[in-house]
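Trainee: Here the protein sequences line up with chains C and G, keeping their order.
Numbers 1 to 198, taken from full-length UniProt numbering, label the letters of the first sequence in order.
Numbers 1 to 649, taken from full-length UniProt numbering, label the letters of the second sequence in order.
The reader is advised that the hints may include incorrect statements.
What the hints assert, rightly or not - Calculated pairs, PhoX-like style, for lysine-lysine (alpha carbon to alpha carbon, straight line, at most 25 Å): (1) C:Lys2 <-> G:Lys210; (2) C:Lys2 <-> G:Lys573; (3) G:Lys571 <-> G:Lys626; (4) C:Lys2 <-> G:Lys642.
Claimed, not checked - On the chain G side, residues computed to face chain C include the following (Cβ under 7 Å): (5) Val9; (6) Pro12; (7) Pro240; (8) Val244; (9) Gly266.
As the list claims (entries may be wrong) - Partner residues aside, some chain G positions facing chain C, computed with beta carbon under 10 Å: (10) Ala83; (11) Ile205; (12) Thr206; (13) Lys210; (14) Asn264; (15) Phe360; (16) His628.
Just so you know, these hints were derived from the structure itself, not from any lab.
The model shown is predicted, which means the values in this text are computed figures rather than measured ones.
Note that the Cβ used here is the ideal one computed from N, Cα and C, for glycine as well.
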Amino acid sequence: MKVDHSLPLEYGTEQNRLNILGFWIFLGAEIALFGTLFASYFTLVDRTGSGPTGAEIFEITPVLIETILLLTSSFTIGLGIHAMRLGKAKAMITFFAITLLLGLGFLGVEIYDFIVYIHEGATLQTSGFTAILFLTLGTHGAHVTFGLFWGAFIILQVIKRGLTPETANKAFIFSLYWHFLDVVWIFIFSFVFLKGMM
Amino acid sequence: MDFFARFAVPNPGPTIYASMVAIALTMVAIFVGLTYYKKWGYLWREWLTTVDHKRIGIMYLISALLMLFRGGVDAIMMRAQTAVPENTLLGAQEYNEIFTTHGVVMIIFMAMAFIMALMNFAVPLQIGARDVAFPRLNALSFWLYFFGAMLFNISFVIGGSPDSGWSSYFPLAGTEYSESVGTNYYMLALQISGLGTLITGINFITTILKMRAPGMTLMKMPMFTWSALITNLIIVFAFPVLTVALLMGTMDRLFATNFFTTSNGGMDMLWANLFWVWGHPEVYILILPAFGIYSEIISTFSRRNLYGYKSMVISMVAISVLSFLVWVHHFFTMGQGALVNSIFSITTMAIAVPTGIKIFNWLFTLRKGKIVFTTPMLYSLGFIPIFTIGGVTGVMLGMASADYQYHNTMFLVAHFHLVIIPGVVFAMIAGLFYWWPKMFGFMLNERLGKWSFWFIAISVCVTFFPMFISGLDGQARRMYTYSESTGFGIWNLISFIGAIGLAIGFALIVYNIYYSIRYSTREIPADPWDARSLEWATHSPVPEYNFAIVPEVDSTEAFWDYKKKGYKLFKGKYEPIHMPNNSGVPFLMGLVFFVWGFAFVFGMWIFAVIASIGIAACLAHRSFEKDHGRYISVEEIEKTEKDLGGAKE
Chain C
1 MKVDHSLPLE
11 YGTEQNRLNI
21 LGFWIFLGAE
31 IALFGTLFAS
41 YFTLVDRTGS
51 GPTGAEIFEI
61 TPVLIETILL
71 LTSSFTIGLG
81 IHAMRLGKAK
91 AMITFFAITL
101 LLGLGFLGVE
111 IYDFIVYIHE
121 GATLQTSGFT
131 AILFLTLGTH
141 GAHVTFGLFW
151 GAFIILQVIK
161 RGLTPETANK
171 AFIFSLYWHF
181 LDVVWIFIFS
191 FVFLKGMM
Chain G
1 MDFFARFAVP
11 NPGPTIYASM
21 VAIALTMVAI
31 FVGLTYYKKW
41 GYLWREWLTT
51 VDHKRIGIMY
61 LISALLMLFR
71 GGVDAIMMRA
81 QTAVPENTLL
91 GAQEYNEIFT
101 THGVVMIIFM
111 AMAFIMALMN
121 FAVPLQIGAR
131 DVAFPRLNAL
141 SFWLYFFGAM
151 LFNISFVIGG
161 SPDSGWSSYF
171 PLAGTEYSES
181 VGTNYYMLAL
191 QISGLGTLIT
201 GINFITTILK
211 MRAPGMTLMK
221 MPMFTWSALI
231 TNLIIVFAFP
241 VLTVALLMGT
251 MDRLFATNFF
261 TTSNGGMDML
271 WANLFWVWGH
281 PEVYILILPA
291 FGIYSEIIST
301 FSRRNLYGYK
311 SMVISMVAIS
321 VLSFLVWVHH
331 FFTMGQGALV
341 NSIFSITTMA
351 IAVPTGIKIF
361 NWLFTLRKGK
371 IVFTTPMLYS
381 LGFIPIFTIG
391 GVTGVMLGMA
401 SADYQYHNTM
411 FLVAHFHLVI
421 IPGVVFAMIA
431 GLFYWWPKMF
441 GFMLNERLGK
451 WSFWFIAISV
461 CVTFFPMFIS
471 GLDGQARRMY
481 TYSESTGFGI
491 WNLISFIGAI
501 GLAIGFALIV
511 YNIYYSIRYS
521 TREIPADPWD
531 ARSLEWATHS
541 PVPEYNFAIV
551 PEVDSTEAFW
561 DYKKKGYKLF
571 KGKYEPIHMP
581 NNSGVPFLMG
591 LVFFVWGFAF
601 VFGMWIFAVI
611 ASIGIAACLA
621 HRSFEKDHGR
631 YISVEEIEKT
641 EKDLGGAKE
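Build out the structure end to end from the sequences listed, making use of the hints.
Mentor: Here's what the structure looks like:
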């Protein structure tokens with residue numbers, strides 16, 4: 001493998017550069033995916049049938065906690081990538097681990113939130129609105145869950161193999177993914193929860 | 001026994017039983033054949049585990065031809081049923097299943113696969129690359145497509161075929177009106193193969209943007225590569241919409257949610273909208289690569305460079321943008337109101353402008369050209385008038401107020417077949433004949449090729465022109481029969497005769513392949529058509545590394561310059577070539593996805609969980625795998641190049 005040392009490690013090889021561009025295009029597809037979910041959400045949001053409306057079931061506290069956890073995790077993974085660029089594998093691993101713990105916390109609160117909704121009579125089957133609510137949140141949550149496993153695999157690989165062009169590339173791409181999930185959450189927070197509670 | 005009862009077909013008939021026997025016999029024959037000739041190892045090493053874009057292309061090609069046969073049999077059965085009034089060859093239910101599978105198989109599993117075949121084979125060669133950006137993902141794309149197609153095709157012998165049309169409108173496709181598992185098959189098979197298509201999209205955009213030969217700027221790319229780039233951009237933005245729609249449809253059917261129901265706040269029109277937000281760009285995903293192929297072939301056999309290169313590119317970009325803005329024209333009659341219909345009417349008709357520009361560019365390329373009437377060229381020339389008829393009737397359908405007259409009639413059926421067949425199918429056959437020598441090192445028989453062209457071109461008109469008339473007279477599509485007093489009988493009979501002609505034409509192509517494998521000469525030059533782009537600069541068949549030395553390019557037609565103006569294409573000397581390793585994981589993952597889909601179709605949750613873990617295990621394996629590929633040494637390259645008839649300067 002030819003490694004170009006004038007570039008950061010994650011961009012060092014030809015294949016690495018291809019991987020990063022490919023992943024950006026994948027994120028483009030993800031935007032289309034979540035865009036479709038949001039469009040469907042806005043279509044179905046008032047179609048509550050005999051079930052509850054958003055205003056009746058949303059609570060600000062758990063949602064705020066989720067937001068703070070996820071936004072912080074986006075910051076810590078940024079620190080992780082910064083540490084990686086400085087070549088400090090240990091610091092990077094620590095920041096990545098914190099990121100994943102925050103992600104796990106987010107997921108825990110989200111699941112708790114789901115259980116609350118179900119207890120309040122908003123199940124997956126209740127109405128068009130609850131179906132799209134659970135699908136939109138659930139798709140985001142499933143992405144976070146997938147990210148937890150993926151991130152853990154990358155940490156293990158950095159521990160075992162150190163910072164190589166491959167591991168750095170994987171870590172960098174994972175950070176793009178994680179930031180993207182944060183962006184999606186900001187839209188969910190604003191347009192699902194804040195708008196729904198107004 | 002209760003467990004197995006669910007797999008029974010709800011409406012078994014003699015055709016279904018015959019198919020079951022045929023499938024079983026074919027499986028046994030393949031198994032025995034492979035064992036007898038000791039080909040299992042060869043099949044596994046050279047094909048099932050390959051990551052070579054050329055071989056993946058060929059596997060797509062074989063699958064597409066198989067699916068063409070399946071979809072074609074469906075078509076013949078429909079035409080036979082409607083050939084005479086009050087026919088009882090097929091029942092209403094069978095007819096519903098057949099037009100549904102015909103549509104899905106032809107669009108998703110035949111046309112898409114055919115495009116993927118030619119894109120996979122030709123694009124990396126045209127840009128002077130050694131493979132695609134992500135060869136492993138490319139293999140995964142193929143296997144997801146393949147197992148998605150298999151999952152869809154087993155529906156008619158296990159559990160029942162989908163029967164609510166290829167557009168699968170809710171609430172018809174909901175559990176209330178479609179009780180059998182057929183529509184579950186539709187949802188999951190499309191989901192799996194759609195995932196494969198999305199991955200291809202990402203792969204090819206990256207490949208085309210990043211792996212072009214030195215000197216090949218975007219505006220120096222061959223037109224087929226341009227069309228592939230635009231097509232893949234559409235794929236990346238359109239397929240996620242389908243993913244979401246299918247996910248919602250699956251949840252409605254399996255988990256009783258209310259996305260598309262007519263109660264509890266569900267909204268059936270949401271499906272129609274989402275489906276066509278994907279479905280209309282999908283039409284252009286099919287047609288743009290076809291346009292690219294025509295551009296290559298028409299310029300090659302007019303012995304002229306392509307007229308209006310820039311306007312070709314601009315019009316493709318315009319089409320790709322407009323393709324996302326016309327979806328409502330599929331349901332003008334479903335209650336949007338005049339303003340919305342007017343807007344979509346205008347955007348629809350606007351697409352005719354860039355398409356018209358392309359038609360005129362091809363005509364101007366022909367003008368003053370030294371036209372050579374080869375089989376690929378005949379298909380390209382046949383395409384222009386027939387496609388224009390199909391296209392102009394499309395503009396008629398695009399006028400919202402007039403559309404109330406012919407919406408969902410045979411007029412519409414005639415229109416879209418007359419754009420898809422000359423547009424896509426002709427291009428695929430033309431591309432098949434054109435690139436065949438590059439794929440296999442011998443040419444298809446020209447005489448048989450021309451016979452098949454005349455059969456197909458005339459039969460297409462005979463089959464579909466009468467539908468314009470019966471459609472305007474009010475014959476609705478998807479009706480399994482009609483009474484004699486309607487007067488539709490004669491038109492449908494002519495249609496049936498045309499369909500037989502089409503079948504003969506396609507059979508001739510198959511016979512041509514057989515005949516050429518046996519008798520065609522293997523002594524052909526690397527550039528038998530006197531063509532213009534880079535794929536013809538390497539040997540036929542192409543060595544696994546494509547080009548021993550990466551070509552350097554300084555015009556849109558560097559290979560032509562190399563032949564006619566003494567331009568030096570290959571500079572430098574042999575160096576070790578890095579190639580990716582083969583892997584069985586993509587195949588395995590496709591197989592697991594098949595099990596996963598099957599488990600979901602029948603709601604067998606234990607299997608679904610096991611298969612999901614299997615998929616996760618494949619992903620984890622890929623994450624931890626250390627695979628740095630391998631190098632082909634200079635000696636090996638020298639030997640291969642010598643065996644293939646000496647290196648090019």
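Trainee: Please go over all the hints and tell whether each is borne out by the structure.
Mentor: Structure-based check of all given hints:
no.: 1; hint: C:Lys2 <-> G:Lys210; result: holds, 17 Å
no.: 2; hint: C:Lys2 <-> G:Lys573; result: holds, 18 Å
no.: 3; hint: G:Lys571 <-> G:Lys626; result: violated, 34 Å
no.: 4; hint: C:Lys2 <-> G:Lys642; result: violated, 29 Å
no.: 5; hint: Val9; result: violated, 30 Å
no.: 6; hint: Pro12; result: violated, 33 Å
no.: 7; hint: Pro240; result: holds, 4 Å
no.: 8; hint: Val244; result: holds, 4 Å
no.: 9; hint: Gly266; result: holds, 5 Å
no.: 10; hint: Ala83; result: violated, 42 Å
no.: 11; hint: Ile205; result: holds, 5 Å
no.: 12; hint: Thr206; result: holds, 4 Å
no.: 13; hint: Lys210; result: holds, 6 Å
no.: 14; hint: Asn264; result: holds, 4 Å
no.: 15; hint: Phe360; result: violated, 33 Å
no.: 16; hint: His628; result: holds, 7 Å
Comparing the model with each numbered hint stated earlier shows that hints 3, 4, 5, 6, 10, 15 do not hold.
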